[in-house]
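Participant: Residue-level listing of the chains:
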Amino acid sequence: MADNSLRIERADVVIVGGGAAGLRAALAAAAAGARVALVSKVYPMRSHTVAAEGGAAGVQPATGDTFEQHLADTLRSGAGLSHPVAVEEVVRRAPEELIHLERLGMPWSRTPDGLPAVRPFGGMSHPRTWYAADKTGHHLLHTLFQATLRSPLIRRYDEHVVLELLTTEPSPAGTRAAAGAVEGVVGYDQARGEAVLWQASTVILATGGYARAWGTSTNAGIVTGDGLTMALRAGLPLRDLEMVQVHPTGLPGSGILITEAARGEGGVLLDAAGERYLADYGLGPVTEPGSPEAGRMELGRRDALSQAFWQADRDGRTAATADGSVVYLDLRHLGDEVLRERLPLVRELARRFAGVDPARELIPVRPAAHYTMGGIVADVRGQVRDADGAVVAGLFAAGECASIGLHGANRLGSNSLVEALVLGAAAGTGAAQATARRATPPPSPALLEARARELLAPWLALRGRGTEPPAAIRREVGQVLDRHLLIFREAAGLQQAATALAGLAVRLADARVADTSAVWNTDWAEAVELHSLLTLARGAVQAALAREESRGAHQRLDFPEAAAVPRHSLTTAAPDGTLTTCFAEVTDA
Amino acid sequence: MPEPTIEVTVTRQEPGGPPREETFEVPYGERSSVLDLLDAIKEREDPSLTYRWSCRSGVCGSCGVSVNGSPRLACETGAAGYRASGIRLAPLAGVAVERDLVTSPADFVSKLRSVLPWLIDDAGAGAGAGEVAAGSSAPAPLGSMEPGPPASDSLASGTLASGQAAPTTQSPAELSAFADFTACVNCLLCYAACPVVKEMPEFVGPAAIAIARRWDLDSRDHGAQQRAPFLLETEFAIWPCIQDGSCTIACPKGVDPARALRDYQREAMG
Ligand SMILES: Cc1cc2nc3c(=O)[nH]c(=O)nc-3n(C[C@H](O)[C@H](O)[C@H](O)COP(=O)(O)OP(=O)(O)OC[C@H]3O[C@@H](n4cnc5c(N)ncnc54)[C@H](O)[C@@H]3O)c2cc1C
Ligand code: SF4
Ligand code: FES
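Here the protein sequences come in this chain order: A and B. Remember, this note's numbering sits 111 above the position in the first sequence when you count from 1. Remember, this note's numbering sits 1 above the position in the second sequence when you count from 1.
Keep in mind that the hints were calculated from the coordinates and are not lab data. We put the CB at the ideal spot given by N, CA and C, even for glycine. Among the hints, a few may not be true.
Unchecked claim - Example chain B residues on the side facing chain A (calculated, C-beta under 7 Å, incomplete):
id, residue
1, Pro16
2, Pro106
3, Ser115
4, Pro118
5, Trp119
6, Pro168
7, Thr170
8, Gln171
9, Asn187
One chain only, chain A, in its complex shape (with noise of 0.2 Å):
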């Protein structure tokens, strides 16, 4: 192993993520003259923004669609959790964005006469989501990425996994409040194998979310939730946990998503004896195939979608198959053109992946994990709140990472790109006022040195230690995760969850990360993720027991109905690790 070195680094912004959220927040804090550091784990166009396909929704005035309907749609979709204040900024500023992207370079699909095309998607009461074909985020992230390369104040660090925000105190023992001001992160080189410290006097998180916990799920390895256990291990709030949205239609086994957008375009689904069996759980009246109407069936909210599933499997219509039971999109109808033209990435995951050809033969397709609506809470400044609700100085979130009150307790397709793009954008920009204004001289580079190297302590002394292999500890998080915290939830399973995460959090204390490398040590980084994952896992979990209503993606079969006043679900933990979960108002920051 390494000698004990650790490398400083300095700048004014330190932006841990390199998706969509974090390159743009790069981008606009550059603008503002900032020096960024841009820390990424992976190269940031390998960031799961790439695996977007749908699009991204923004209103074009032209189209007679208007901010109300898509601020309406919004709240609706958050069954209360969402704050009109911050739906309404993102809203408004979601088209300036698009506009700013297609400036950028961004290749979107047109109309006919040249604009930015734009198609329906389920729970929007309008065509409001701009894409380029399906494959938006792979589009957006290279030319966010490309456009990042012009920047000389931007300096990215790829490949360096962030372990810890850098506090200048450790987070006050038991208090929910949280820690001294943020100075920086900590976290590792790959590459050269060594620990670094940045030193900055803003720092953004852009992490994305944690959808990886579970076993079937849209999202890519590294989706693990690291920034948000940062914040919680810095005595910070996390929102909303429970609240994760189930996409209708990933491919059996791997969970890779069949986009949205299929249906959108026309596809339909169909149970094991071929009936569009939609219509019989309340998403009726049928529409005819390759006619989709906003709204209805196959394109009625995600949640909808995926409980009519779990309705359809219970009474015996889907069909069985090694990975689980299966209903079918059939896609058929559409054409081989349409599908080359318009869903090509579709077109490519069916057939290499489900072995089938979607012009000729139906996609088996089942429920995912899919998007994380809860997070590290912010305004929609980006600026991170404690549990009181006052501004963290110096920490900013943005991205997938953050709950700022838009998605609420159920994400709309396409909203989550825009979210990223706005909030990454105010983030940037205010994280770099904010080191600009900043007062009070850093402390000392002895004492920061110090602290750093306590926090990476614990890190690095994981390698070479343990028993347990720890893939299967992940396999079992995951299977826990998918049977108790899915589509539907009720109290004796998540009880049962509860336990076997807290025999699988023990297991995991004495985890075996065999290789001991200082270089590309994977075992060990994969081990650092499944701490993160765990940790969100039993997050989840008790804030799912607590909420003792149905809302929104948490539907409990024991508890049916909404409360009457809508509560947001606080998680914290205490330095011992023990999660703590209390309810709070929905208020407007």
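Using the hints, position chain B with the ligands against chain A.
Facilitator: Showing chain B with the ligands alone in chain A's frame:
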């Protein structure tokens, strides 16, 4: 019935150490990918085996490796087809190895940067000009810790905020002129396949040139003249290409870098 297994030989290498080969018998199924086999080895045989992966669906470009001598994405390469031959895995050729199957994309990113891979508009600042101005990057009023005032005026009227830029128009035909070149996932399989890169590591290479072409062909871009001195007049940009075509054959995303190189060379020669 015992699970069928397949013989997998991996070329491994510690940082700074010599390459060595290790062979494993790995269980597989009809749908197993080469990436699944790597996972199985890491989980059951040797946790120190090092390789990159993330999306498992061929979109992130992380998992490029050499499979029996051909550059492939491990996650979308089926294992069963190799049951008779066995599988030999090695790091992608032509790139520095960091550990085992992990090679460094750093050199590619600096080559990419050298072609100015961003939209250069009429105002046309070249490299290092920072970002294109966006109305959106200035948030609501500063100083206050409260969220900015709601934009009720624009919301009520249902129109875009005044002064907001409109999108540039681009016809579907103009889009399709460069769309194929936008599919690149930066997996670098084309570099591993290229015979020129092997002889001349400085060659800017297939993907970076394809991306340069993507920008030059974009009707919204006016940067061709700024890119030209580097592309057309330096030694290692387009001229080393011998039109072997291996890059295009290797590309898992249907990009045709050979065409980009050929078209640049032809245009330059008039
Ligand atoms: C398959 C799929 C399809 C989707 N389709 C759509 C869609 O059509 N429309 C839509 O609006 N939304 C869609 N979403 C959701 C949307 O893609 C995401 O919410 C959004 O891309 C998240 O962006 P982000 O920047 O917050 O995070 P990510 O893109 O996940 O980026 C996170 C970044 O943080 C870095 N990071 C994480 N942890 C660490 C650490 N410890 N140290 C250093 N770096 C770290 C990662 O390297 C990465 O760069 C989809 C999601 C999935 C899974
Ligand atoms: S051109 Fe093709 S092979 Fe080369 S990096 Fe891009 S996607 Fe990979
Ligand atoms: S793991 Fe993403 S391309 Fe293979």
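Participant: Run every hint past the structure and note whether it holds.
Facilitator: Hints, one by one, checked against the model:
Taken as an interface hint, proline 16 of chain B checks out: its beta carbon lies about 5 Å from the nearest beta carbon of chain A, inside 7 Å. This hint holds: proline 106 of chain B has a C-beta 6 Å from the nearest C-beta of chain A, less than the 7 Å allowed. The interface hint given for serine 115 of chain B is broken, as the beta carbon of that residue sits about 10 Å from the closest beta carbon of chain A, more than 7 Å. Residue-level restraint check for proline 118 of chain B holds (minimum Cβ-Cβ distance to chain A is 4 Å; threshold 7 Å).
The closest approach between the C-beta of tryptophan 119 of chain B and any C-beta of chain A is roughly 5 Å, which is under the 7 Å cut-off, so the hint is satisfied. At its closest, the beta carbon of proline 168 of chain B sits 5 Å from a beta carbon of chain A; the interface hint therefore holds under the 7 Å criterion. Checking threonine 170 of chain B against chain A by beta carbon gives a least distance of about 3 Å; that is within 7 Å, so the hint holds. A least Cβ separation of about 5 Å between glutamine 171 of chain B and chain A falls short of the 7 Å threshold, and the interface hint therefore holds.
Given the 7 Å rule on beta carbons, the hint for asparagine 187 of chain B holds: about 6 Å separates it from the nearest Cβ of chain A.
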